[in-house]
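Engineer: Given next are the chains, with one letter for each unit.
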Amino acid sequence: MSTPIEGPTPFAPQTSPPVPIRAPSPNWSGYLGEGYTLRSWLTTHDHKRIAVLYMVAITVFFFVGGAAATMMRLELATPAGDLVSAETYNKLFTIHGVVMVWFFLIPSIPSVLGNFLVPLMIGAKDMAFPRLNLASWYIYVLGGLFTAWALIEGGVDTGWTFYTPYSTKFSDTNVVLVILGVFIVGFSSILTGLNIIVTTHKLRAPGLTWFRLPLFIWANYATSIILLLATPVLAMTLTLVALERMFGIGVFDPALGGDPLLFQHLFWFYSHPAVYIMILPAMGVASEIIPCFARRTVFGYRFMCYAILGIASIGFLVWGHHMFVSGQSMYAGIVFSMLSFLVAIPSAIKVFNWTATLYKGSILFTAPMLYALGFVGLFTIGGMTGLFLASLALDVTLTDTYFVIAHFHYIMVGGSVMAYLGAIHFWWPKISGRMYPEMLARIAALTIFFGFNMTFFPQYLLGWLGMPRRYHEYPPEFQLLNVFSSTGAAVLAVGYLLPLFYLGWSLFYGRRAPANPWGATGLEWQTDSPPPKHNFEAEPVVTRGPYEYDPVR
Amino acid sequence: MEKPFTYFLTWLGLLAFLALTCASAYVPLGPWNTAINMAISCAKGLLVALFFMHLKKSGALLRIAALTGLAFLGILFVLSYADYATRDISPAAWAARP
Amino acid sequence: MSTIQFDNPLERRAAASLGMWAFLATEVMFFGPLFMGYVHGRIAQHAAFAEGSHHMHIVLGTLNTAILLTSSFTMALAVHASQQGRSSFRTWLGLTALLGLAFLGIKGSEYWMEAGEVSKASGPVLKFYFLYFAMTGLHAVHLSIGVVLVGWLWRGAKLYGRDYYSPIEVAGLYWHFVDIVWVFLYPMFYLIERYAK
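For the protein sequence lines, the chains are A, B and C, in the order given.
The first sequence begins at 230 in this note's numbering and counts up one residue at a time.
The second sequence begins at 158 in this note's numbering and counts up one residue at a time.
The third sequence begins at 361 in this note's numbering and counts up one residue at a time.
Hints may contain errors.
Quick list of the computed label-pair ranges, beta carbon to beta carbon [claimed, not checked]:
{"id": "1", "chain 1": "A", "residue 1": "Gly733", "chain 2": "C", "residue 2": "Lys518", "range": "31 to 37 Å"}
{"id": "2", "chain 1": "A", "residue 1": "Glu316", "chain 2": "C", "residue 2": "His415", "range": "41 to 47 Å"}
{"id": "3", "chain 1": "C", "residue 1": "Glu477", "chain 2": "B", "residue 2": "Gly170", "range": "33 to 39 Å"}
{"id": "4", "chain 1": "B", "residue 1": "Ala176", "chain 2": "A", "residue 2": "Met475", "range": "36 to 42 Å"}
{"id": "5", "chain 1": "A", "residue 1": "Trp693", "chain 2": "C", "residue 2": "Val508", "range": "38 to 44 Å"}
{"id": "6", "chain 1": "A", "residue 1": "Thr772", "chain 2": "B", "residue 2": "Ile221", "range": "51 to 57 Å"}
{"id": "7", "chain 1": "C", "residue 1": "Ser482", "chain 2": "A", "residue 2": "Gly556", "range": "22 to 28 Å"}
{"id": "8", "chain 1": "A", "residue 1": "Tyr588", "chain 2": "C", "residue 2": "Val508", "range": "57 to 63 Å"}
{"id": "9", "chain 1": "C", "residue 1": "Gly497", "chain 2": "A", "residue 2": "Leu675", "range": "54 to 60 Å"}
The set of hints was computed from the structure by calculation and includes no laboratory data.
The beta carbon of each residue, even a glycine, is placed where N, CA and C say it ideally should be.
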């Protein structure tokens, strides 16, 4: 089936000098050379090509969501509501949330890197269900089109949470259209999750036992279980909102004996685990990059596995901490608060283990490592402030302030996006067959780190001082911190645009990547860069655990 | 693999349960009617899952997959009802007392 | 069809079964919020739900339950016959699809008769009706998909036999799941305080 392979020979020693390429060269090797037509991409069943399709699609949505955020930060640079109206501002933060959560963060690592790496890391030729895999991408695009349609029609103003009764009775914007988009895109995530679960169970290479799996696989496996069990609840809940809006079926309407809080229970039953859909794969990425550039085996491998499973399961028990001030029973609040504190235990295990992995390591500050270290630090800050919010009494004053905004952006942007970018850089030689420009990449990583902190740290202070979220104007005493935040956002925007350009450049001008440029241990590094259509020349046999880096002397 | 006769017995059992659940609904037992109906439904579901869906002869993996959905649905019900069962509804000052 | 990712047919069949069971777990959660809404209503507005239930056509509902249970029986026989390599599986598949269609026909006629009563209902009784339409409607959608699936297998019956029957097996799992959902819907809507009437 596979065509002869061009480019570097398989299993090339990493010391071989890479051939510099000066002229643009369209003849990519490996799976990239299987066809250059649009048709060959849009009808592919190759998990690697589908991953690239996903990467293109989510990048588009990332910049759509980013544009909305830019508008918001511009508006907030001055206390008066002078740039956009209150209604437009409501639509901006809604579209920012909807696009970033469902069209970027949730598919980011599982659908792009999970798709690309899961078969490679376990020594399989493809995903278990390749056609389902392609279908999931088309479903994603369809969902995206509905959301884009809603945007063109004038947007939505409910916030990404669609709280009833506002979404069902009062909002006069395109709620149903956006719900349709989110409903559809949910099934794309479900199909990807299903594929990853079955692939991990059934297609592991001989000798690759569960406790020899890379932590990236563990993390994506656990994420897929959450995707399968939580996403359908969201789909049905949003369907009920749409039905309620169109026909008034009364499940969330007190006039017919319904309960608006039932919506919040159902919504957060999905949306809290959804946070772990975003952060678990990021943890998996950090667990790959840190051992590689510390040249040490990961500390406490088994506990890392248990911590992943622990986070995934406890994550289902804590949703009520989003509802402390909603009118939910005080006793339920106490239970949810206690359970929320429990999540800190496996999360802390992971942070300690990454830190311990660095100890006595021989650390290389490459761009992926900078992202991974940034991830650990920012995740820790985001996680610790999460404990503030899980405390029942403290949350009463902090709820719906910028403290919450800062907290979850530290997790989602400081955590997930940093890890996503780190992963893109780390596996870029494998994905594209080219090296990215290292110095530029380090500059971008540092720009993003500083821009991020400058944007979101002032928001902790703003929240602590009592500035509420979701307003387009504010009292003048908050201006200084808001100007800091908006300036940081500009730096952050530059940081995000940089990789777009130099990674695009490296596709044509980057020097050819050897099979294993980092000297890493994973199976994916034992095949060519980029890998051939069916990944491996011969089925690999695994005889040892992951991360067996040579000890540093 | 089950024998066709096992399937036949399963089918008879299902129809018998259907008759039982329908008949029991006409006996006034108060809340126990619901309990009996749900118990019979669970029994019918179990029959279908064990024999028609071959769970009785399946490996642990498929059994776990079958139970996981139910377990997490259970979490949704139990923790939501931790709220509903203990919620103290205080009407607003202007609202009529219930 | 590309099956290069599997080492052998057994692995392929195991992957299909696991995939379907994982999908069914998703389906359980998909129905979850509706059940949750029902339970909330049933506890909070018990009398209204009992009143609504008395308007249900219990004879048709019970008949439909029997039809669906029987269709599961014929589906199990179809899977069994295909595993044994007997061509009779095609007959059983056809019968299963016909029973599914019969269920949908009866359900449709019930909807037709109930439509008038809904217009007279109000308040929590109306909510009962809405939940009834939403839940049985979603079930009917699933069953329709099942009928199409089984009909499609029936049409392409030549492809399947002792060596390759996992599509029939997997479709069977789906069919039985839809049956189990109905087993719960039946008492929830048709049997509330039947004795009181």
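Engineer: If a hint holds in the structure, say so; if it doesn't, say that too.
Structural biologist: Hints, verified against the model:
1. A:Gly733 with C:Lys518: 31 to 37 Å: For lysine 518 of chain C against glycine 733 of chain A, whose Cβ atoms are near 50 Å apart, the range 31 to 37 Å is violated.
2. A:Glu316 with C:His415: 41 to 47 Å: holds, 44 Å
3. C:Glu477 with B:Gly170: 33 to 39 Å: holds, 35 Å
4. B:Ala176 with A:Met475: 36 to 42 Å: holds, 40 Å
5. A:Trp693 with C:Val508: 38 to 44 Å: Since tryptophan 693 of chain A and valine 508 of chain C have Cβ atoms about 57 Å apart, the given range 38 to 44 Å is violated.
6. A:Thr772 with B:Ile221: 51 to 57 Å: violated, 29 Å
7. C:Ser482 with A:Gly556: 22 to 28 Å: At 26 Å between Cβs, range holds.
8. A:Tyr588 with C:Val508: 57 to 63 Å: holds, 59 Å
9. C:Gly497 with A:Leu675: 54 to 60 Å: holds, 55 Å
This entry does not satisfy hints 1, 5, 6, going by the numbered hints stated previously.
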